[in-house]
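Q: Chain by chain, the residues run as shown.
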Amino acid sequence: MRTLFLVSIGLFGGFWLGTTATYAADEELVIFDWSAYNDPGFYQGYIEQHGDEPTFSFFGEEEEAFQKLRVGFEADISHPCSQSVSKWHEAGLLDPLQIDRIERWDQVNETMKEAFKIDGEYYLLPADWGTTALAYRADLVPEEDIQSLQVFVDPKYAGKVSIADNVDDAYALAYLATGVSDWTTVTESDLERASAWLREAHKNVRDYWQDGAGLSQLMASGEVLIAWAWNETPVVMQSEGHDVRMNRLTKEGSSTWFCGYVDLANGPNDDSKVYDFFNAWFEPRSVEYIVNEWGYGHGNQAEMDKLGSDILVEMGLGPINVPVLAQKPMNHTIREQMIAEFELIKAGF
Amino acid sequence: MNQETNSEAKPIIRIESILKNYGAIEALKSISFNIYQGEFLTLLGPSGCGKTTLLRVIAGFEIPNSGLVEIDGNNMEGIPANQRPTNMVFQSYAVFPHMTVGENVAYGLKARKADKQTISEEVNKALAMVGMEGFNDRPSTALSGGQRQRVALARALILKPKVLLLDEPLSALDKRLREQMQSELRQLQRSVGITFILVTHDQEEALTMSDRIAVMFDGKIEQLASPQELYKRPTNIQVANFVGTMNFLGLDLIGQKGTDFVVEIEGLGKTTLPMDQAPLGYQSNSMAGIRPEMFTIITNKSQSKTKVVKGRIVETQYFGDMTYFDANLEGTDKVVTISMRNSDISFEINIGNDVEIGWNPNSILVLS
Amino acid sequence: MNFSFIQKIRGESGLILVSPPFFYALLLLAFPLMGVFALSFWTQDYLELNRDFTLDNYREAWTGAIYQALMLRSLKISILVTLLTVVLAFPVAYYISFHVSPKKKPLWIFLITIPFWTSYLIRIFLWKVILGFNGVINGSLIGIGLIDEPLKFLLFNQGAIVVTLSHAWIPFAILPIYVALEKIDRSLLEASEDLGDGPVRRFMRVTLPLAMPGIIAATLIVFIPTIGDYVTPKLVGGPNGLLIANMIEVQFKKANNAPLGAALALSAMFVVSTIAMVFLWFNRKYLKQGQ
Ligand SMILES: Nc1ncnc2c1ncn2[C@@H]1O[C@H](COP(=O)(O)OP(=O)(O)O)[C@@H](O)[C@H]1O
Ligand SMILES: [Mg+2]
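Protein chains in written order, with the working numbering: chain A, 1 to 349; chain B, 1 to 368; chain C, 1 to 291.
Derived from the structure by calculation, the hints contain no laboratory data. Given the structure is predicted, the values throughout are model-derived calculations rather than measurements. Ideal Cβ positions, reconstructed from N, Cα and C, are used throughout, including at glycine. Hints are not guaranteed to be accurate.
For the chain B half of the interface with chain C, some residues (derived, Cβ under 10 Å), not all of them [claimed, not checked]:
#1 59
#2 63
#3 82
#4 86
#5 88
#6 90
#7 95
#8 152
With these hints in hand, go ahead and build the complete structure from the sequences.
A: As structure tokens, then:
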């Protein structure tokens, strides 16, 4: 997902180029996506149907994508995550989905799609999701230390902790640690407590990680022993031979995030191919591919269930019976406070 | 100053067998000579003959491949430029652009850590010496070429060097200023009594300013003599050609009579010459040399010259006080240059005129 | 016949000649800047811009403790980067100008610009590899037995930002210093020696003052843009390495407060220009030479 984005755009040859690189391909469908999401494994059906790839244009970060779209960049579909969808919708960037043209709409994860039902219309096709939880070096951290998220504020781990450098994951951790598992209903005082906790944790932080690759490096070297990480990190690191595990079952729980495709209002083309692309994404083979190759969950809940719990548990995507903070849209005033507060905390205030 | 007294005096600079190569280029080929206290010596020669190199060897900017430089009795080997009792006026003047005139002139005294009071007095004196009093606070970038040169001079003289080295100091100035500076420099040198070594490729400049002139060709000193000596008795064709103008005529040795040569000179005929008019003796490639002013176009029968030949004027050049004539000598295709004071010419001489040309065997030099 | 007519034509054609580059510059520089300027006096509520004039953004930018702290931190880092860069660049420029044979100089200059061929991000990652926990430096020190535990103060702090930025900007500092040194008439150095200065005093009294225009240019070239860098602090700065530019980015993006971002950006620009002006004023005498 948001993985690797800095590295990959770096390899594309420049910070700026990364966001504008377009692939010469079928121009009747323009997709404005996270870099590296032009993986044919996700939409093999579309290629078979049309004989060509759609045109991709990339962004490295949602805010950047948002600003670009607002000043008139034209694409047919894009790929925001749960925290941005409302903002994009309120800025008038989105068209409602024509759900009757989505073949497997009834298989789509219920909670996720309902989260963006606004005035009876659906706006997000939840495509990929993952979990954010406590990851640790199992060879260096004893089991008893990772039973609680309070390990992040344990002075024993000063300078050996890393938290995601994004406000949603960071506050998901802080809310869970302070006993809140549904942030759609948080109050000012909840926010205050979470911020205070995060301030404590800041003292232990070695670095706020920007991307999965960076976190992997930090953990591989043993510089960071405990991290608030996406489920892909342990999956990737285990395959590289590092004993990094994830504990989604701390007593305070863990978090899930999700992203999805939206139909942009000002797309240059009519929607005919948009739905071909959506339908290709929701084929069973795409579900299998994203789980196995990328370590992410898929929005097609029915197909996910068919994969069986073994593989899902292995990937850190299985069901759990501790609190789960789903990163659903929240009150944007509170969120803006979170953003401001997070910057203060990171700056040492 | 003549050479007899020189050989008794103690040289301020002694240069012995200096060799300097730049890779395959031999810039200096075994140079030896002495320079005496208070002398104004000029290194004269065409561009590329090694004058600057020699000056820089003396100043300590170039290390010779072999040979000795002795200044005031001290061997300069291993002594860097900043510790030598010489100062230099650079061809480009090298006036520090980030300093005022006063700061430029004070530079060397500051390097010697003189006290403020002394510096300020000396700077004023030095500026007065070169006629630039009151310029102390001028930025040096706001100076004319002549002024920059004066600053460079003052800057060097303030240190009272044993020897002042000047590398083509006047070449960048226009003719008027150059002539003025020539006489000023000469006067300055007399009044301060410092030994000057000046480099130039301008023979006129060398003749007017110097006590002695070292004429250099191709890394060697061909002749070292006073201006008069150099003009009257150049020791070879190269030197004679470079210093003033000289006519060269073919020469055949017929015989010898006592201390005289009997020779046949192209266009002038048979004559006898005293042997001392051949400073380096007679060689098969020797030529007869005669200065243009040693020919006379006879305009007045009473004028007597030892010898007379006939010729026809082929070219004239008028210079106000002088006229230069080119004349074809009768019976040859040889053209010689003749110079006459206009006050000595009593009738008009035009191209095509046949004239009688007088000359004297005493003014003939046998050169190789 | 009235000549002012002709002059008028001349004046107009001059204007026509000047216009395209002028308008181009205006388009690329002045208009965006004016946009930012206007923005800084407005307010934003989530997605809506309120165009009522207010100075609140500036009030907040100049009095908010976090903004003051970040601005000071940014200044401190920029000054350190500038110092380090210029100090490291000078010997290199000096060596090329004075000790490399004229034939080889273009090659050296070329070699110095090679780092530019790789993306800046890759260079940052290289520094992470060098300074990292199991990086080149720690690896070597452990290898030769000098330390047992990797040193943690190498990366993820302000020092790492300074090192990374200095490395990135060094070529920009070498070039102007090199040009200034090349312009020094070598006979000036000989004159200094001739007048009695040894190598050290000659350097202090002639070489250095004459190289000052280059040093000043290098200082400004490095100082002014480094204050706006936000990638480096993000990647190597660690928990205490955020700078004012990161805050500006946050305001424009996540925090939905572009006006405050604009005010911060303009304030930073103002502070930097002021410092640059003061710096130039102190060095004014070096800039007059050669006119
Ligand atoms: N630094 C140098 N490197 C190589 N050759 C040089 C150098 N300086 C002088 N030369 C050569 O040495 C010879 C003498 O030069 P120079 O002393 O400058 O002549 P002048 O001053 O009489 O014109 C010339 O052939 C010149 O090309
Ligand atoms: Mg010369």
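Q: All the hints need checking, so say for each whether the structure fits it.
A: Hint-by-hint comparison with the structure:
no. : hint : result
1   : 59   : holds, 6 Å
2   : 63   : violated, 14 Å
3   : 82   : holds, 5 Å
4   : 86   : holds, 8 Å
5   : 88   : holds, 5 Å
6   : 90   : holds, 5 Å
7   : 95   : holds, 8 Å
8   : 152  : holds, 8 Å
In terms of the numbered hints stated before, the structure departs from hint 2 and from no other.
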